Structures are given as C-alpha cells and as structure tokens.
Amino acid sequence: MRLLTHNMLSSNIKGVTNGFPLLIEVEKVVEKQVDFNEDFLRNMFPKIEWKALVEASRTMGYTELPENAESSMLDSDEFLRKFHHALIELHLEEGALVCPETGRKFPVNKGIPNMLLHEDEV
Amino acid sequence: MVGSCSSCKSGTTLQWAPGHPTFISRVQIIGRNEPVVQVLSSAGSDWTKDFGTGIRIRKRRYITAVSGSGGGRRMRTTVNAAATETLQKGIAEFYDESSGIWENIWGDHMHHGFYEPDSSVSLSDHRSAQIRMIEEALRFASVSDDPMQKPGQIVDVGCGIGGSSRYLARKYEARSQGITLSPVQAQRAQALAAAQGLDDKVSFQVADALNQPFQDGQFDLVWSMESGEHMPDKSKFVNELARVAAPGGTIIIVTWCHRNLSPTEESLRPEEKELLNKICDAFYLPAWCSTADYVKLLESLSLQDIKAADWSAYVAPFWPAVIKSALTWKGIASLLRSGKSNVLYNPINRIFSFILFLVVYVVLFAWILGWKTIKGALAMPFMIEGYKKGLIKFAIITCRKPVS
Numbered sequence: 001m002r003l004l005t006h007n008m009l010s011s012n013i014k015g016v017t018n019g020f021p022l023l024i025e026v027e028k029v030v031e032k033q034v035d036f037n038e039d040f041l042r043n044m045f046p047k048i049e050w051k052a053l054v055e056a057s058r059t060m061g062y063t064e065l066p067e068n069a070e071s072s073m074l075d076s077d078e079f080l081r082k083f084h085h086a087l088i089e090l091h092l093e094e095g096a097l098v099c100p101e102t103g104r105k106f107p108v109n110k111g112i113p114n115m116l117l118h119e120d121e122v
Numbered sequence: 001m002v003g004s005c006s007s008c009k010s011g012t013t014l015q016w017a018p019g020h021p022t023f024i025s026r027v028q029i030i031g032r033n034e035p036v037v038q039v040l041s042s043a044g045s046d047w048t049k050d051f052g053t054g055i056r057i058r059k060r061r062y063i064t065a066v067s068g069s070g071g072g073r074r075m076r077t078t079v080n081a082a083a084t085e086t087l088q089k090g091i092a093e094f095y096d097e098s099s100g101i102w103e104n105i106w107g108d109h110m111h112h113g114f115y116e117p118d119s120s121v122s123l124s125d126h127r128s129a130q131i132r133m134i135e136e137a138l139r140f141a142s143v144s145d146d147p148m149q150k151p152g153q154i155v156d157v158g159c160g161i162g163g164s165s166r167y168l169a170r171k172y173e174a175r176s177q178g179i180t181l182s183p184v185q186a187q188r189a190q191a192l193a194a195a196q197g198l199d200d201k202v203s204f205q206v207a208d209a210l211n212q213p214f215q216d217g218q219f220d221l222v223w224s225m226e227s228g229e230h231m232p233d234k235s236k237f238v239n240e241l242a243r244v245a246a247p248g249g250t251i252i253i254v255t256w257c258h259r260n261l262s263p264t265e266e267s268l269r270p271e272e273k274e275l276l277n278k279i280c281d282a283f284y285l286p287a288w289c290s291t292a293d294y295v296k297l298l299e300s301l302s303l304q305d306i307k308a309a310d311w312s313a314y315v316a317p318f319w320p321a322v323i324k325s326a327l328t329w330k331g332i333a334s335l336l337r338s339g340k341s342n343v344l345y346n347p348i349n350r351i352f353s354f355i356l357f358l359v360v361y362v363v364l365f366a367w368i369l370g371w372k373t374i375k376g377a378l379a380m381p382f383m384i385e386g387y388k389k390g391l392i393k394f395a396i397i398t399c400r401k402p403v404s
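So the protein sequences, as listed, match chains A and B.
Quick note, the first sequence lines up with residues 1 to 122 if you use full-length UniProt numbering.
Quick note, the second sequence lines up with residues 1 to 404 if you use full-length UniProt numbering.
By construction, these hints were calculated from the structure, which means they are not laboratory data.
Each hint should be verified, as a subset may be incorrect.
To be verified - On the chain A side, residues computed to face chain B include the following (Cβ under 8 angstroms):
hint	residue
1	VAL16
2	THR17
3	LEU41
4	ASN43
5	ASN114
6	GLU119
Stated by the list, open to error - In silico DSBU-like links for lysine-lysine, alpha-carbon gap of 35 angstroms or less:
hint	chain 1	residue 1	chain 2	residue 2
7	B	LYS236	A	LYS51
8	B	LYS307	A	LYS14
9	B	LYS296	B	LYS236
10	B	LYS296	A	LYS82
11	B	LYS278	B	LYS171
12	B	LYS273	B	LYS171
13	B	LYS234	A	LYS110
14	A	LYS110	B	LYS296
15	A	LYS47	B	LYS150
16	A	LYS14	B	LYS236
17	B	LYS171	A	LYS28
18	B	LYS307	B	LYS324
19	A	LYS32	B	LYS307
20	B	LYS236	B	LYS389
21	B	LYS388	A	LYS14
22	B	LYS171	B	LYS150
23	A	LYS47	B	LYS171
As the list claims (entries may be wrong) - Going by beta-carbon spacing under 7 angstroms, a handful of chain B positions derived as facing chain A:
hint	residue
24	GLU85
25	GLN205
26	ALA207
27	PHE214
28	GLY217
As the structure is a computational prediction, the values presented were derived from the model and not from experiment.
For every residue, glycine included, the Cβ atom is placed at its ideal position computed from N, Cα and C.
Turn these sequences into a full structure, and let the hints steer you where they fit.
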C-alpha cells in the first residue's frame, strides 16, 4: 500500500467522527522504483492532504518532506522528487492502519489493507 | 410486557418497544393508540444457512416500524449483522476459490459481454464483448472523454481481479481504487496491475461495499459492474455509492435484477422465487430486487439524470458460452485429444474410457476446484432459464450526483 492510497482511506467505524488520517504501524516497508511523472504529481498535489502525507512518510522512515507545502514548490525539481518518492515509491508491505479515534487496527498483508469492519463496528 | 422473545408462539400478545427483538415474521397490530402486536406466525423463514458449514443459524429480526392498524400487516424487519457476516464469508471464499479458474479461461474481466442480439459468437469473441460492455456502459452514462471533464478518480466497487479498474485507469489516465471482499482477488488484481505497469495508477483493498473505507465525495466515477447482486442491503449499497461520489460525479451500476413487479403485485410468484433461490444458494447472492427498486433508491437520494435500461437481449449468448467453456476445459480437452494410448483406437475402449473419464472428470473437478466452484457451475442453466422466462434482467442504472 502506497501513501497515495493511505491519503484516501479512512475509518468508518460506527461512532467515529473523524476517521482520517489513519495512523500507520510499520512492520515492513519496501521501496519500489517508479518512473517519475511530473504531470501526474501536479494533478495530484491539490487533492493530497499534505499533513497526513508528511506524518505517514515519517512513520515509514522518510523524513525529507517539508512540514508545509504550497503549489509554488512544484516548480522545484528537488521537491517534486521528494513528493514522488513519498507518495508513490514507499510501500507498506506488512503492518497495520490504525483508527485515530478507536485504536482499532486494520491489518496490511502483502501490501493489501483489509478494511472490513466487524459486526459490532457497523 | 406480555409474553417474551423466547415464547413467541402464535397468539402471544407482546407490548412492542422499538428494537425489541423477535423471532416472528408476521404480526398483527391490534392496539390503535398503543403499539400492541399479536404474533400471527413464527415462520421458518427466520432461519438461514451458514454458507460455509451448512449449519442452520437463526436470523434475528427487529421490529423497525409499525405501519397501519389493520390485520396481518407485515412488519418491516432488518436481517441482523450475523447473517450478513456469513454471507460475506461465503462470497469471499467463493471468489478466493474460483477466481483463478475463471481467469484461466476467460481472462481478467469477470462480467458479461455485450453482444449484438441473436448473434452467434465463438469463444474468441468474448473478450472483446466484455470490453464492449464497459464502453457501452460508459456511453450510456455519458461519461466524457474530454480531458477537462473525464474522471480523475475512480472507484471500482466489487472489483474482482481488477479488470475494470485497469481498463478505466488506462482509458482515462486516471487513478482507480478497487474494493473486494476476497483477499485472493485483491492480491491477484495488484499483481496484474504491477505486471501491466499500472502499479501507481490502481490500488486494491479488501473492504466492504456497504462500508467503503473512503471519505465522502472522493470519486468522479463510481463503478459497480456486476457486484450489486451480492449486496444484502441494497439501500445501504446505493447510499455508499452516492456518499463516495464527488459532486458532479457519475454512478454506474450494472447488475442482475428480477423483473419489475406490476402495480398489483406484492412479490414474485412462488415458482419464480424458487428459481432465484437456487441461483442465490450457488452464487452466494442475497435477495434480489428489481430495476425499479434501484431507480427508487437513487431518486430518494436526490440524484440526477437517472437512467435505466434492460440489456438482457445484449447478454444472451454469455451463459451458454460459459457452460461450453467449462465443458471444454483446456486441460481435460487436450488430454482427450492427445490420443497417447493405442488402446483408444478400439471403439469399445473409447466409449468405456469416455464414461470413466467423465466420472473421473466430475470428481476431480470437484476435488481440485472446490465444491463452491462446482455449485456455481451447476447453477448456470438456472441463469439461462431465468433469462428465458423474463424473470432475470441484466440491468444498467446510471445517474449523476448534483454539483452543489
């Protein structure tokens, strides 16, 4: 699971007011090289919750992303590469996503998160 | 309170309280100002079967509303979460078991092809027919190709092994999220995406379509290709589709429905229900609804540009083709053709070995592929019967979420 996906997932457990962003528990991180696509990054940038991305990437062991970001920074090649790396190239292979309010863990196995809720969480 | 849950036999009078659990299926409201109900019958329909073990388990029904004060009025009830969880497990295991076989013979699209009515098709035409189904659905819903208006984020609800997700992501150069109950499918879907260089464009999660793990308004295109049949709560299913759709986004549902009821009908005829039950059992489907029911649900959510159509005529060649492909399954067919042994040149030996082979084939098939897959395969003629009788409809329903 890459952080681009993490940026879209939220916990919908009954009673939770804000299930986003999910905290990350890391067991295994893998870095996979992906071709750099500037247009894609520019298109994605306005849709990304930046704080969530920074937090998540730090949990995954990548500390290069700036705390805050504005669209003007997209002109910097260096910034784009860091953005690309954090968003697309970091993979959580094994671990869990954690609901920020209830602490409930959604397991991630072989890169696939399991977001199924239990009977009492619906 | 008069009477109690465990003694809900006919004739018992209960004081109703909201959420009061009962094991009854028909009640009569006898109080006018107070909600006092009399149990008319404790019918066996409170039981369901655990799809995995076959053990009967009790469904608990809750009185959710009291309507009218006449006799014999049916209470609106909800099937509780335990029954739903066993259905989910059954669905997941069915697809865990059978996805690989399907992919081997049919490829990565697990849906009907779109054919010219009354055409005869060969096995090689089916893949392009499946692609055509996707394109026709997009056209029906008027999804734009225009770079400024085409979808940027897509959700594939009930994504199978990701055929649609990958196709749509490629077509619109968009990002696609797929959700499925089957971990095996999710893994396979991601592997195929990686192999096709789409690893950064599509991703898959194990998740429930009735509780999608996404925030509101994320997706420009909400795609449900032949997954609606599996949803035990159609209202919740449609609600979730609408919730995750972005303002101005498009929702496309392609699904199996039963025929619309006439204004005087309260339900399908008994023999129709019987046929559907056989199919439900084999394919892990909950109760069916009609196309009109879907339209009503979309209308109730104030969605716009609602369109619906019956595409049964365009999918008619599909099930016969699936049956044929199962009977001429590659490995077995090639084994028969190989003619390795001289023994087979003798006609008597041929007949004998053919019969023996059939028996071995069925037993082996069931053992290797699993009973769930066999059950599914054996139900295919019922689908054909359902279509022929006008009971089963292949429906498309599309709409748009308002912008404001």
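For each hint, the structure was consulted:
1. VAL16: The hint is violated - VAL16/A has no Cβ within 8 angstroms of chain B, the shortest such distance being about 11 angstroms.
2. THR17: violated, 12 angstroms
3. LEU41: Given a least distance of 11 angstroms, the restraint on LEU41/A is violated.
4. ASN43: Where the cut-off is 8 angstroms and the nearest Cβ of chain B is about 7 angstroms from ASN43/A, the hint holds.
5. ASN114: At 4 angstroms from the nearest chain B Cβ, ASN114/A passes the 8 angstroms test, so the hint holds.
6. GLU119: holds, 4 angstroms
7. LYS236/B / LYS51/A: holds, 32 angstroms
8. LYS307/B / LYS14/A: holds, 33 angstroms
9. LYS296/B / LYS236/B: holds, 13 angstroms
10. LYS296/B / LYS82/A: It is violated: about 48 angstroms lies between the C-alpha atoms, which goes past 35 angstroms.
11. LYS278/B / LYS171/B: This hinted pair is violated, its Cα atoms lying about 38 angstroms apart.
12. LYS273/B / LYS171/B: Distance of about 40 angstroms is beyond 35 angstroms: violated.
13. LYS234/B / LYS110/A: Holds, at roughly 31 angstroms.
14. LYS110/A / LYS296/B: violated, 41 angstroms
15. LYS47/A / LYS150/B: holds, 16 angstroms
16. LYS14/A / LYS236/B: The hint holds at about 14 angstroms.
17. LYS171/B / LYS28/A: holds, 33 angstroms
18. LYS307/B / LYS324/B: holds, 34 angstroms
19. LYS32/A / LYS307/B: violated, 43 angstroms
20. LYS236/B / LYS389/B: holds, 29 angstroms
21. LYS388/B / LYS14/A: violated, 43 angstroms
22. LYS171/B / LYS150/B: holds, 10 angstroms
23. LYS47/A / LYS171/B: Cα-Cα ~21 angstroms, so holds.
24. GLU85: GLU85/B check passes; min Cβ-Cβ to chain A is 6 angstroms, inside 7 angstroms.
25. GLN205: Holds, about 5 angstroms.
26. ALA207: Holds, because the Cβ-Cβ distance from ALA207/B to chain A comes to roughly 4 angstroms (cut-off 7 angstroms).
27. PHE214: holds, 6 angstroms
28. GLY217: At about 11 angstroms, which exceeds the 7 angstroms cut-off, the nearest Cβ of chain A leaves the hint on GLY217/B violated.
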